[in-house]
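K.L.:
Grab the two chains, each in its own frame, and use the hints to assemble them into the complex.
So the protein lines, in turn, are chains A and B. Residue numbering for the first sequence is 1 to 425, as defined by this note's numbering. Residue numbering for the second sequence is 1001 to 1535, as defined by this note's numbering.
No lab work stands behind these hints: they were computed from the structure. Misleading hints may appear alongside valid ones.
[Stated by the list, open to error] Reference excerpt, derived from the structure (chain B facing chain A, CB under 10 Å, subset only):
{"hint": "1", "residue": "Asn1027"}
{"hint": "2", "residue": "Thr1109"}
{"hint": "3", "residue": "Gly1197"}
[To be verified] Derived pair list, reagent style DSS-like, types lysine-lysine, alpha-carbon separation capped at 30 Å:
{"hint": "4", "chain 1": "A", "residue 1": "Lys223", "chain 2": "B", "residue 2": "Lys1295"}
{"hint": "5", "chain 1": "B", "residue 1": "Lys1321", "chain 2": "A", "residue 2": "Lys146"}
{"hint": "6", "chain 1": "A", "residue 1": "Lys146", "chain 2": "B", "residue 2": "Lys1264"}
{"hint": "7", "chain 1": "B", "residue 1": "Lys1456", "chain 2": "A", "residue 2": "Lys223"}
{"hint": "8", "chain 1": "A", "residue 1": "Lys203", "chain 2": "B", "residue 2": "Lys1216"}
{"hint": "9", "chain 1": "A", "residue 1": "Lys216", "chain 2": "B", "residue 2": "Lys1206"}
{"hint": "10", "chain 1": "B", "residue 1": "Lys1026", "chain 2": "B", "residue 2": "Lys1264"}
{"hint": "11", "chain 1": "A", "residue 1": "Lys217", "chain 2": "B", "residue 2": "Lys1216"}
{"hint": "12", "chain 1": "A", "residue 1": "Lys264", "chain 2": "A", "residue 2": "Lys315"}
{"hint": "13", "chain 1": "A", "residue 1": "Lys146", "chain 2": "B", "residue 2": "Lys1402"}
{"hint": "14", "chain 1": "B", "residue 1": "Lys1309", "chain 2": "A", "residue 2": "Lys392"}
{"hint": "15", "chain 1": "B", "residue 1": "Lys1216", "chain 2": "A", "residue 2": "Lys401"}
[As the list claims (entries may be wrong)] Simulated coverage check for chain A against chain B, where a stretch passes if three residues somewhere in it have a Cβ under 8 Å from a Cβ of chain B:
{"hint": "16", "region": "86 to 94"}
{"hint": "17", "region": "122 to 129"}
For each residue, glycine too, the CB sits at the ideal point set by N, CA and C.
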Amino acid sequence: MKKLMPCLWILLLLAALNLPGEDLLLRKGRFYTFDRGILEGYDMLILNGKIRSIAKGIVNPGKVPERDLKGFSVVPGLIDSHNHIALAGEINEVSENITPEIDMAEQINPDDPNIYYCLTGGVTMVHLLHGSANPIGGRNVTVKLKWGESAEAMIERRALPTLKLALGENPKTATGGKSFPITRMGVAASIRTAFSQALEYRKGWEEWRREAKGRKKAPPSPKRNLRLEVLLEVLEGKRVVRCHTYRAEESLELMRIAKEYGFKIQGFEHFHQAYRIADELAKEKIGLSVFADSWNYKAEASEFTPYGFALLREKGVEISLNSDLSEAMRRLNIEAGKMVRYADMERMEALKTVTLNPARLLGTDKYVGSLVVGKDADLAVFDGDPLSPTSKCCLTIIEGKVYFDREEDLRSRSVKRVEEKEATR
Amino acid sequence: MVKKSLATLLFLFFVLPLDAQSYLLKNVSIWTEAGTLQGGCFLLVKDGFIDSLGPMKALPKGTFDGEYDLKDHFLYPALIDSYNTGFQPSTARKGAEGSEEAPGPDKNTRLPLEERGFTPRKSLTETLLLKNEDLSKALSRGFTLVHVVPREGIVGGRTLLLSPISKNPKVNTVSEGPFQVLRLEPNSSRYPTTISGILAQIREIKEELLYRHARKDLPPTLSGRRFPYDPELEAFRPLLFGDERFLLVTNNMVQQRLAEHIGKECPLPPVLLLSPDFWRRPLPASPLILPLLFKPPLTSRYSLEGEEKKREAEERLYPEKFSLLFKERADIILAPPDSGDYDGLLKNLRTLLKKGVQEKRLLDSLTVNPARLFKVQDRYGTLERGKVADLIVTDRPLLEEKSRVTITFVEGRPFEFPKVEKGDETPKVDPSGNWSVKAQGSLGSFSFTMVLQLEKGNLTGQLFYQGKRFDITEGSVSGDRVSFSARGTLLGDQIMELTFQGRMADKRIEGTLSLDEGEESLSLVANPETLGGEM
Chain A
1 MKKLMPCLWI
11 LLLLAALNLP
21 GEDLLLRKGR
31 FYTFDRGILE
41 GYDMLILNGK
51 IRSIAKGIVN
61 PGKVPERDLK
71 GFSVVPGLID
81 SHNHIALAGE
91 INEVSENITP
101 EIDMAEQINP
111 DDPNIYYCLT
121 GGVTMVHLLH
131 GSANPIGGRN
141 VTVKLKWGES
151 AEAMIERRAL
161 PTLKLALGEN
171 PKTATGGKSF
181 PITRMGVAAS
191 IRTAFSQALE
201 YRKGWEEWRR
211 EAKGRKKAPP
221 SPKRNLRLEV
231 LLEVLEGKRV
241 VRCHTYRAEE
251 SLELMRIAKE
261 YGFKIQGFEH
271 FHQAYRIADE
281 LAKEKIGLSV
291 FADSWNYKAE
301 ASEFTPYGFA
311 LLREKGVEIS
321 LNSDLSEAMR
331 RLNIEAGKMV
341 RYADMERMEA
351 LKTVTLNPAR
361 LLGTDKYVGS
371 LVVGKDADLA
381 VFDGDPLSPT
391 SKCCLTIIEG
401 KVYFDREEDL
411 RSRSVKRVEE
421 KEATR
Chain B
1001 MVKKSLATLL
1011 FLFFVLPLDA
1021 QSYLLKNVSI
1031 WTEAGTLQGG
1041 CFLLVKDGFI
1051 DSLGPMKALP
1061 KGTFDGEYDL
1071 KDHFLYPALI
1081 DSYNTGFQPS
1091 TARKGAEGSE
1101 EAPGPDKNTR
1111 LPLEERGFTP
1121 RKSLTETLLL
1131 KNEDLSKALS
1141 RGFTLVHVVP
1151 REGIVGGRTL
1161 LLSPISKNPK
1171 VNTVSEGPFQ
1181 VLRLEPNSSR
1191 YPTTISGILA
1201 QIREIKEELL
1211 YRHARKDLPP
1221 TLSGRRFPYD
1231 PELEAFRPLL
1241 FGDERFLLVT
1251 NNMVQQRLAE
1261 HIGKECPLPP
1271 VLLLSPDFWR
1281 RPLPASPLIL
1291 PLLFKPPLTS
1301 RYSLEGEEKK
1311 REAEERLYPE
1321 KFSLLFKERA
1331 DIILAPPDSG
1341 DYDGLLKNLR
1351 TLLKKGVQEK
1361 RLLDSLTVNP
1371 ARLFKVQDRY
1381 GTLERGKVAD
1391 LIVTDRPLLE
1401 EKSRVTITFV
1411 EGRPFEFPKV
1421 EKGDETPKVD
1431 PSGNWSVKAQ
1441 GSLGSFSFTM
1451 VLQLEKGNLT
1461 GQLFYQGKRF
1471 DITEGSVSGD
1481 RVSFSARGTL
1491 LGDQIMELTF
1501 QGRMADKRIE
1511 GTLSLDEGEE
1521 SLSLVANPET
1531 LGGEM
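If we strip away everything but chain B, and leave its shape as in the complex, we get (with noise of 0.2 Å):
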């Protein structure tokens, strides 16, 4: 009781500091917890908090700091982001996506645990990057709660629940070490470089604490010898003894499959991150994480049937699998198809939600769901008098084909997104036709070629790389100014996102490739091959 008071004060004066404005939301529509919106109703936000609720008529009196008439528009609990990797430094991730990884001294003599890809003790917090792009982008789509999972190790270390526009950047997290990561994805020359050596090492720790845990007590002429702490190894006695649980990120089949065998060695049910192929398998009663991908993995045999029965795969079997699951159960946690693709998520939501999946079993997957997870429910998660006023308002039902969020309130501030108006100057210039590329930039030279079309001034295509496909979106040509981003997969998974702007002038355009990292920009000089019609 005392340590919950505790918490709770230390939450007021640290984690969360408060805003000291109050405002009106009237004339708005809310969603309520029984999954259906409500119009004609105001939310009053107070110090960081809701704090009163309800029909237009009970309207409170006095003044605010600010007052919104939001008529027509919808006000929904912000949404939390189960599974991101970004929000950390890029580096190469250790194992089988096979950075170099030096050799071990030899065969004989084993490297210590954190050598080998399994660090518990590593902190996320020492090494958060955030990023003004990756927060724009999460706010702008309604995510102000985003479960960062390191990406790199075997056992990676704690996952960090983050609020990342949280005033006070240093103090932002809300929770830290909800999980322990683990990825079955083995290392390329250092034990274990097979799949089933990560469950035979996990094993070979459990014996080793039991062991350690049975003499604790003995003096150290009894028990023979004398154990040195190893903070390395204890990190996992509260994964395999106690309360503590992994996050088991599966990427397959086997992945799943291993994930079940090594879940059987911990206390607790492990949350798993599955893969589409989740059905594939019968699934356990832990927690469930899934991206809400309607692709099969590289492995799979829906992957290797053939190009035609792959998409036929994508469009009808996985999305009719996801819909059965969510008749099946009620607390699923979907996550974005890929780390950072909330506009993707968004797609495939509307499209559950043709199959005929409720509405709000979709939003508690992104609301409720993740909140009970993360155990922050009596702050997060539902538009209730007392909780955080983490709030989004959206100028269509949320998963309305083109809706839009204006207004994210996180901790009770309001940032606004007002409609950017595309193609504000009529296009001077059409850059229809088949381009080759070369471009120049610290990353040396390269070239690729790509197609686009320009039909009322949006601009689509394809961008060819390396024999890999990029489709061109959200394509635009203003004036003589020229911009796209495109994305597609490079190697196996791993996606690749780059932006272009750029003046079109002569049959040439000169500009800017910003690639995923945001660290590399390059300018780029391109030649029509052949052009489209002149303006």
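Looking at chain A on its own, in the form it has when it is part of the complex (with noise of 0.2 Å):
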């Protein structure tokens, strides 16, 4: 039995590499790639729901569903990379101000219908964070939107793990008024007390462990801090930083609080003033996941300018567009439209602000994010030009499953509709 086990073992391996996953084979589409450019009326193979091969008049392997896309669009399903659909109940801990032990992963509600509305749009990808209450927020989770899936399915277990701070008017003004922090210096100073308390808890365990080296009878360990210790991950490099901020002085804060304690900002959420502190992004690496052009909605998201992204993409700062509503969620890539005014973009590149970038802001780009021999096929398919409000999305495909598709929901609502229309009647 036991030199049957290691068979076993690389049997069950290789049963749960085939498990993910549909087979399909599109025909004939308008292929965006981005590093072959776009390749007309070719056919796409996804095999076990990755990638096999995008080539000209591609052999069914064998029972091979089909599908036709002649005159459709095919680009890499959409990406949202901040976003709190699917989450229940409430999302922020306003109760307190340091919440890193809160985790959006045992929040997910996979019955949210906006899970579908954003199919509809051609989301394949969505990052899920804790509010805007906290300095320190609680952690956050990457999905896929299988709709109709468990919660754990949805769950993508590649991406980056990531952790939620908030600067400026939310955290200061979360409890009116009444408590600490009330300034965006308190901000700033909760946030740093924090990591203070996480380096004190770790020297503490790594006091006690050297004290109980070698001894038959040890000491008894420190408490065990949940809190303390994902902070630990933070500075630990094991977790990175996503931050909501509109200001450019505070941000420049945070990173100077990040270079103090040794921990990476994957990314600064909405930042209006980014353009101010352009260089400082490029050379620290920082993304940005912003609107394209949503501003004056409160005091500090007064001062913005949509042609600030020209800067900072001529800097090379990577910019990722988000909604942050599920409702702006559906049109993604109308927004990814205004980077070519706004932002000097190629329209590939300006493609790459909802797709390849924030894949990469997530840490997933091995995986997904562009339309790659050994990606998952995540693809969302438009019938026309994927940047243009005149195009629909027609077909939503997460790892070679469809997942959204125009033409059977169109089917199924004038049923509906008839049968309503019959009822009233």
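P.N.:
And the structure:
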């Protein structure tokens, strides 16, 4: 039996590798690849949910179902790097300032209809964040919008673990000025204090380990603090920071704190004044997850110009567009189109702001974000120019499985409409 | 051993004040453990226990305090209500359902556990409220044991297995604290305000207890500090390290998933109370209590896909999933669809019977299985010699349509429920038609509309209040007296029941409206808009 075990494991592993994803053969589409340009009239073979080949006249290797996409544009599935859909209940642990022990992965609600609504806009992957009421909020989670499947099946475990931080108005006004912090300085101070506590906590454990080493009866260990342990993950580089911010000076302050404590800021959220510190952002390789042209909805969000993206792009800051709203998520492709106008981007580069760039921001660019052989077959199919507001998303595919089919949806809706009409007659 | 016999002694002397009476039930069909009805039997109740039972030819001789000839009647063990949030004052629940909850002092000071909904020491016995209507409702439907669950707080205190009609109302608790209830509904302003925070709080308590335990033998100088005894915290120790169990109340899939995570923190699998969406996640091996409700939870996709799909799910999908579950597991425990809704439970049981679930399985889920879960199987749950004489007599097999409980024995005492003849007088008035109603009472004035139909003395219809529909049931007209009860959902899943009794004269009905709480009664005058034909 013992000899058989390794064989069994290999078999199990093979089974596991083969498990996820479906097979599909897309015929004669217009494929938007970032490395080979637009491939007109090509076929794409998807096996086990992965892109196996993009070429002309692919021979069907077996009984792979086919779909004719003549005249349709196929782009990588859109990725929203900042949203709060599909989370049950409250997403802000408003009761306290520092709450990294909160985990959005535990609050996923796979029944939220917004999952389906967002599929209708070609979105396949979403980064679900804790709210911004706390200087240090909770842990975030990246999911694929596999409508109808369980929370576990939706979680994208290959993504970078992230932690939500927030600066500015939200954390400083969350208690209506009743408790610390009520200033931007206070917000920065609470973040500093928390990381200092985490270091202190680590020191306590290190001391105990030194003392316990080699002793027969070790002294009792220090108390585990699950809150500070998440901050240690950040300090040890196992988790990255995504920070909600609008203003330049406090973002610079957080960058200083990050340097002081040695953690990585993966991205700034919203950040309207980013163009003011474009050089610094480029130097620290901090990404941006921003709205294309939405501003002036609160005091700190008043200073903004979408043309700032041109400057940021020139300096080499990577821009990902987000929606932060279930409604806006259905038209992320149009938001990307705006980058052609505001940021002097080529069309392909603009498309990257909702595909490859957010994939990189989430640490998933090895698996998704572009049409490359070997990556997951997460695709959005449009009936025209994918950046145009006149185009409609017709198909949304995740790992080879069709999760949204416009034709199918309309058919079921028209049946329903007839039934409703008859019922009210 | 000593402990056990002492407990039995205590039980005999205090918990169960014995009724020194004997009753002989003759010619009755008895429900056997094998799940069949055996006709022509007798059962002798003596001193509160089942003294003997068997075929009529072995009928014991002697004189008895009472004899019942139960020809064409059926005898079952009394039923157990495994989840009831009644029998306690109706205060607004803290947390998600949203009473005004004052925020804490500030975000940097954490309030003690008991001020944040973690009250494991809270005792239900102190606030137990035994209302006549609740008691008679339970008895008349054949339920003699009720598992009362605290409805407030996140960790809301121990549950209570209650024999509410026990002779001595002060000592009617069968067992206090079978479980500790945990509801996955966060607070509105105090930690935790998120669902994830509830799990985080439980983990934090666990770490604190571990830390204290590791230092319990150290002198204060070595341990660095001395811990003041924290009874609230220590109440969690048997749950997280011992043999006490949580009863995790879940209302949807998200909460069910979190309950699985909390279960991993406990040495014993917690008892799970699941929503009708239970089948959408793999079921853990934990003991399961399932309210027999064929209605998707509010956040379920089956609630959101439109009225038609929802109705289809209610009529077909959910009953099917329940019946499949009975094929897979024998240890299922059923509870009423809503707290105290015994008629709804019976109705849905009949649906499951039609779906092909064995009668024995269904009755086990209300008798033997809960008795085993509450560890009272040596006293309750079956008709056996030596068990407590909690039994019910019905005029038809229990799960047959129109079956009615005629006598309920509680600890050997019979409570009879004679059939009330509906409409003993012929109706003299016809309230059929549309009504707009203005009510005046201590709650202030309010108005609603209703539609009534009278057919063969039975009154049916609907009542509309603030856009919500209430179905009128058990309505009748007798002489000029009009009475009905109505039932519907008011806010979210909150069920409201009301009963009305009044007299109709000259196109007006005057009477009293009793609301669910039973504390508020209103007199109302109904003005007819259009009325049906005069009698």
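K.L.:
Now, for every hint given, state plainly whether the structure supports it.
P.N.:
Okay, the hints, checked on the actual structure:
no.	hint	in the structure
1	Asn1027	violated, 54 Å
2	Thr1109	holds, 8 Å
3	Gly1197	holds, 5 Å
4	Lys223/A - Lys1295/B	violated, 45 Å
5	Lys1321/B - Lys146/A	holds, 23 Å
6	Lys146/A - Lys1264/B	holds, 26 Å
7	Lys1456/B - Lys223/A	violated, 73 Å
8	Lys203/A - Lys1216/B	holds, 24 Å
9	Lys216/A - Lys1206/B	holds, 26 Å
10	Lys1026/B - Lys1264/B	violated, 52 Å
11	Lys217/A - Lys1216/B	holds, 15 Å
12	Lys264/A - Lys315/A	holds, 20 Å
13	Lys146/A - Lys1402/B	violated, 47 Å
14	Lys1309/B - Lys392/A	holds, 27 Å
15	Lys1216/B - Lys401/A	violated, 57 Å
16	86 to 94	holds (count 7)
17	122 to 129	violated (count 0)
The earlier numbered hints that this structure contradicts are 1, 4, 7, 10, 13, 15, 17.
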